[in-house]
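Enquirer: Sequence:
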Amino acid sequence: MKMLKLERITQQGSLSAQIARQLETSIANGHIAVGDKLPTESELCDMFGVSRTAVREAIAHLRSSGLIETRRGIGTRVIQTPRSEPSPARRISANTVEDILHVLELRLTLEPRAAALAAERHDDDDARRLESAHGAFQEAMKQGRQARHEDYQFHRALIEATHNPFFLSFYEPLSQEAIPRARLLSNELNVEAARRYLEMVAGEHQAILDAVLARDPERAEDAVRRHFARARQTYCAYREKE
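Under our numbering, read the sequence shown as residues 7 to 248, first letter to last.
Honestly, I wouldn't trust all of these hints.
Unchecked claim - Distance ranges between label pairs, derived from CB positions:
no. : residue 1 : residue 2 : range
1   : Asp216    : Ser48     : 16 to 26 angstroms
2   : Thr59     : Ala243    : 18 to 28 angstroms
3   : Phe176    : Ser20     : 24 to 34 angstroms
4   : Pro179    : Gly150    : 27 to 37 angstroms
5   : Arg202    : Asn170    : 41 to 51 angstroms
6   : Asp222    : Thr115    : 20 to 30 angstroms
7   : Asn170    : Leu219    : 17 to 27 angstroms
8   : Ala34     : Gly79     : 36 to 46 angstroms
9   : Glu224    : Thr31     : 26 to 36 angstroms
10  : Ile85     : Glu111    : 39 to 49 angstroms
11  : Glu205    : Gln86     : 13 to 23 angstroms
12  : Arg77     : Leu112    : 27 to 37 angstroms
None of these hints come from the bench; they were simulated from the model.
A virtual CB, placed ideally from N, CA and C, is assigned to each residue, including glycine.
Kindly generate the complete structure, drawing on both the sequences and the hints.
Expert: Structure, rendered in structure tokens:
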């Protein structure tokens with residue numbers, strides 16, 4: 007591994023986010039190559055001057071982003087470099103992006119578990135609703151629409167497939183506010199980037215659908231967590247530009 011150019015962490019803002027950002031940059035610029043092992047937790051603590059808790063949270067973030075994997079007896083290795091994520095809007099106001107991140111934080115708590123339950127409990131009607139909602143999303147995307155309603159319907163179908171009415175009663179008040187793009191003004195949309203963004207979302211929905219229909223709760227939960235972690239990363243990028 008090349009010599010890492012890491013900086014001591016400041017006490018302003020999230021410590022784990024600062025660590026994750028520096029490690030991600032090191033991966034992106036090749037200082038930590040795909041296949042390389044990350045320094046140990048103890049080494050990272052010394053490098054950054056932080057506690058194990060902050061390091062573990064940063065590692066968990068990189069793992070949820072799909073950049074690294076940890077195997078017992080082997081350690082933590084880099085498995086891919088950060089991708090350049092398409093940004094669906096040219097700019098977002100600070101207040102709007104904070105609202106989006108708050109909603110995503112809530113959904114990251116709720117929906118991965120809902121997906122696991124849906125994988126265990128869904129019936130034939132649920133499967134048809136999920137497949138129909140996914141098809142409607144793809145069709146809206148092909149027509150050049152932002153598929154906000156179709157996006158919401160896919161996630162609502164996932165919630166319904168838990169067969170737990172309290173999940174739905176908790177989720178339903180969000181309505182389409184649950185979809186980050188619903189808060190973006192159409193005249194601020196970067197049309198080409200938005201199209202590529204929707205293609206990425208469609209692929210993530212397909213992974214969720216496949217896992218649920220395969221009745222694989224662990225894979226379904228992980229697919230939803232990755233979906234929202236990626237979305238959160240995308241909108242965090244807007245906040246950093248402000």
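Enquirer: Look at each hint and say if it fits the structure.
Expert: Status of each hint after checking the structure:
no., hint, verdict
1, Asp216 - Ser48: 16 to 26 angstroms, "39 angstroms, violated"
2, Thr59 - Ala243: 18 to 28 angstroms, "25 angstroms, holds"
3, Phe176 - Ser20: 24 to 34 angstroms, "27 angstroms, holds"
4, Pro179 - Gly150: 27 to 37 angstroms, "30 angstroms, holds"
5, Arg202 - Asn170: 41 to 51 angstroms, "35 angstroms, violated"
6, Asp222 - Thr115: 20 to 30 angstroms, "21 angstroms, holds"
7, Asn170 - Leu219: 17 to 27 angstroms, "19 angstroms, holds"
8, Ala34 - Gly79: 36 to 46 angstroms, "28 angstroms, violated"
9, Glu224 - Thr31: 26 to 36 angstroms, "31 angstroms, holds"
10, Ile85 - Glu111: 39 to 49 angstroms, "26 angstroms, violated"
11, Glu205 - Gln86: 13 to 23 angstroms, "18 angstroms, holds"
12, Arg77 - Leu112: 27 to 37 angstroms, "32 angstroms, holds"
In the structure shown, a violation is registered for the earlier hints numbered 1, 5, 8 and 10, in ascending order.
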